[in-house]
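Trainee: Heads up: the sequence shown runs through residues 0 to 418, numbered per numbering that gives the first Met the number 0.
Straight-line C-alpha distance at most 20 Å; calculated EDC-like pairs for lysine to aspartate or glutamate:
(1) K297 x D335
(2) K293 x D335
(3) K297 x D265
(4) K293 x D339
No wet-lab data here; the hints were simulated from the structure.
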Amino acid sequence: MRSEPPGDAPEQPRDSTPRAFTSDVTPPERVLGHVMPPVAAPADAPVPDPAPPPPPSTIAIPPVVDVESLDWAAIRQAVDADAILARGDAIVATMTALLDRPDGPGFLFDADRATPEDRAIRVTEPGDAPLWFVGDLHGDLLALEAALALVRADDPAARLVFLGDLFDDGGFGLALLLRVFELAAEHPERVCVIAGNHDEALRWTGERLASGVSPSDFADGLAGESPDALGPRAGRLAVRFFERAPRALFFPDGLLAAHGGFPLVDLHAELEASGDFNDPRALADFVWTRAHPKARRKLPNRASRGSQFGREDFADFCALAGRLGRPVTHMVRGHDHVDDRWAVYYASDHPVLTTVALARRLPREVFGPYARIPTIARWVPGALPQVHRLHVPEALVRELYPEEIEADGAPDAPTEPDA
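My request is simple: use the sequences and hints to build the entire structure.
Mentor: Now the structure itself:
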């Protein structure tokens with residue numbers, strides 16, 4: 000492994016261009032067509048001190064680790080979708096029994112839920128075993144097995160937090176969903192799966208699987224199958240699984256983990272009064288909101304992909320969360336398929352890490368190389384999680400995911416305003 004310092008996203012430059020006076024109100028220096036001379040300040044008038052710069056962030060950003068020396072032959076052998084599907088009936092039965100337990104399935108951090116319905120979980124005891132965050136997979140079984148190889152090499156008892164979006168966008172969606180179910184059923188106390196927007200948008204109509212987000216190839220591909228077939232049964236189980244899945248984890252060191260973002264500013268007054276992070280609108284913002292790399296602020300716009308947050312929006316939420324007894328200073332998330340598969344925003348303030356575990360360019364991604372370097376991140380108490388780049392051989396990527404081009408390269412957006 001080798002390390003390199005993280006690259007901080009550049010701050011938005013301030014526009015110092017002089018502005019013309021465009022108001023319909025008469026400028027104060029023009030009265031009755033005469034130009035009034037400027038009023039000079041008294042010679043002894045005190046000069047105001049410039050506003051002090053914000054204090055530097057106290058959140059450390061660990062160096063990025065490049066991982067190249069995994070057993071790629073063993074990883075390739077583990078990427079066996081047919082074998083996973085052959086185990087599918089047993090996996091579905093085991094996970095169903097786990098969800099049916101009267102005392103709950105006992106997944107990682109379930110013990111910290113305030114109620115069984117709590118989906119914005121305040122983690123009280125993070126534990127000592129290594130904790131890894133795995134971002135968007137979208138059916139990327141190769142990236143998942145590479146991540147598992149690294150995590151197990153770190154510590155066989157290491158724990159996993161999946162940041163959502165397990166399927167859609169091609170790949171091995173059903174096999175990957177079953178593989179994650181298998182991991183969670185084998186050691187529920189070591190696995191937490193946060194819901195992403197594609198996971199949350201999946202639903203059962205009573206006759207077939209459907210989705211409120213595009214692309215929706217996972218649901219569409221199973222639409223013609225019998226409800227009793229493995230795919231629809233696994234899909235219905237996924238709907239049930241993600242209904243109870245966390246939308247956010249609040250760690251005691253100030254780390255917030257979610258798929259997308261956090262409750263936007265127009266909800267802050269109500270949250271301040273209620274303290275209810277399980278408000279459905281707040282839960283939706285944890286899932287759907289995107290990060291803008293440079294903006295100071297963004298207006299809430301939940302009806303489209305334009306629902307974004309900026310640097311000061313996150314700072315405001317950090318302040319609100321602190322007042323409500325859930326200190327937040329930094330964040331790890333997925334959702335945005337950044338070209339390098341990782342990015343750090345707002346490094347000088349409240350840093351936000353985006354990490355994505357995709358080894359290929361998705362059909363709707365227009366630019367960049369086809370083979371990518373997926374990333375996962377290891378929890379470091381009091382710091383931003385440490386990014387690990389998995390240098391999957393390009394030959395494996397191209398073998399498992401033959402390149403294809405989608406005519407409509409538009410990014411995902413809800414097909415319904417309330418999806």
